[in-house]
Amino acid sequence: DVKVTQSSRYLVKRTGEKVFLECVQDMDHENMFWYRQDPGLGLRLIYFSYDVKMKEKGDIPEGYSVSREKKERFSLILESASTNQTSMYLCASSLRDRRWTEAFFGQGTRLTVV
Amino acid sequence: AQSVTQLGSHVSVSEGALVLLRCNYSSSVPPYLFWYVQYPNQGLQLLLKYTTGATLVKGINGFEAEFKKSETSFHLTKPSAHMSDAAEYFCAVTSLGANNLFFGTGTRLTVIP
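Protein sequences, first through last, are from chains A and B. Under our numbering, residue 114 is the last one in the first sequence; the count climbs by one each step, no gaps. Under our numbering, residue 113 is the last one in the second sequence; the count climbs by one each step, no gaps.
Mixed in with the good hints, there may be bad ones.
Restricting the straight-line Cα-Cα distance to at most 25 Å, the calculated cross-link-like pairs of lysine-lysine (DSS-like) are [as the list claims (entries may be wrong)]:
| hint | chain 1 | residue 1 | chain 2 | residue 2 |
| --- | --- | --- | --- | --- |
| 1 | A | Lys71 | A | Lys53 |
| 2 | A | Lys71 | A | Lys55 |
| 3 | B | Lys58 | B | Lys69 |
| 4 | A | Lys70 | A | Lys3 |
| 5 | B | Lys58 | A | Lys3 |
| 6 | B | Lys69 | A | Lys3 |
Derived from the structure by calculation, the hints contain no laboratory data.
Full structure from sequences and hints, please.
This is the structure we're talking about:
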């Protein structure tokens with residue numbers, strides 16, 4: 001089974017802190033994604049990466065950055081956390097040729113910024 | 001541009017009753033359509049998908065959906081609801097070569113004993 005593991009299920013951070021959300025997949029997938037989920041808004045794409053050190057902005061990249069130094073790991077970084085970044089964050093991965101058709105999701109990280 | 005609309009943010013059904021969750025899509029190219037389920041405090045799990053071929057798609061846990069191009073719809077159904085079906089369901093659309101998988105706002109299904 002494909003496994004996408006997010007390092008934390010729940011995080012509480014203070015405004016202004018630098019926050020790292022980590023995601024690891026064990027199926028040698030080329031593509032990795034970060035989504036943000038908010039009630040009434042569904043899931044929105046923040047960033048995705050199609051290879052090591054490669055990244056593309058999604059729909060809502062403002063306030064976020066990402067890092068992909070190794071194929072299996074994709075990090076989402078909040079440079080200076082703000083309360084409007086309180087949300088559920090979901091990581092996903094997929095094979096190169098099945099970018100969107102077979103995406104596997106992690107369990108999510110619920111981030112609260114106080 | 002592509003988008004999906006899920007009618008009804010909350011749907012309640014009795015145990016054993018038909019489940020019908022509605023999804024309409026907008027796409028200027030042939031769509032790929034998906035239904036995902038999210039149980040409380042969990043990630044998303046793929047229920048079923050339509051890419052090409054047969055328009056009636058069967059998924060896990062007894063769910064199925066039918067792609068109707070003329071109606072731009074991809075409604076999710078299950079003949080008999082079970083308590084374990086209580087969850088949030090997301091419809092999504094993309095296409096060949098697209099740069100995103102676009103999600104609807106979700107429908108929370110409650111099953112009443």
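Task: Earlier hints that do not hold, by number - done: Violated: hint 6 alone.
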